[in-house]
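Colleague: Sequence:
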Amino acid sequence: MSTIKNNNDLLFEQLGKKGDSIVFTTAAQTSKDFYAVHFVTESVVSSIAIANCTGETALQTTIPAGTVLLANVTAITMTQGVAIAYNN
Numbered sequence: 679m680s681t682i683k684n685n686n687d688l689l690f691e692q693l694g695k696k697g698d699s700i701v702f703t704t705a706a707q708t709s710k711d712f713y714a715v716h717f718v719t720e721s722v723v724s725s726i727a728i729a730n731c732t733g734e735t736a737l738q739t740t741i742p743a744g745t746v747l748l749a750n751v752t753a754i755t756m757t758q759g760v761a762i763a764y765n766n
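Going by this note's numbering, the first residue of the sequence shown is number 679, and it counts up by one from there.
These are calculated hints, taken from the structure and not from any lab test.
No residue lacks a Cβ here, since even glycine has one placed at the ideal position from N, Cα and C.
Misleading hints may appear alongside valid ones.
[As the list claims (entries may be wrong)] In silico lysine to any residue, SDA-like type, Cα no more than 25 Å apart, as pairs:
#, residue 1, residue 2
1, K710, V760
2, K710, P742
3, K710, L747
4, K710, F690
5, K710, T757
6, K710, T739
7, K710, L737
8, K710, E720
9, K710, D687
10, K710, Q758
11, K710, I700
12, K710, G744
13, K710, T732
14, K710, A753
15, K710, A729
16, K710, A727
[What the hints assert, rightly or not] DEER-style ranges, computed between Cβ atoms:
#, residue 1, residue 2, range
17, V701, L748, 15 to 25 Å
18, L689, C731, 22 to 32 Å
19, T757, N685, 19 to 29 Å
Please take these sequences and the hints and turn them into a complete structure.
Modeller: In structure tokens:
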């Protein structure tokens, strides 16, 4: 993922049109390249991996409904909830 983006790329991300999106519940999402994850309902994250990040284990918790995680998520598993993830 490029660290410098033009205005069109940023607008497409904000509109959810940058890449495909996926709605998931408790199915493990592995080998992914998400730039954002929107938790539609209260969700329980049991594991998560974020590229170039340390301390992501702090996110293995209950996430309130409506939370949007803006990070390069490469894998996520939930035991409860519904989320929409946006691909890079």
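Colleague: Which hint numbers doesn't this structure obey?
Modeller: Going through the list in order, the structure violates hint 19 alone and respects the others.
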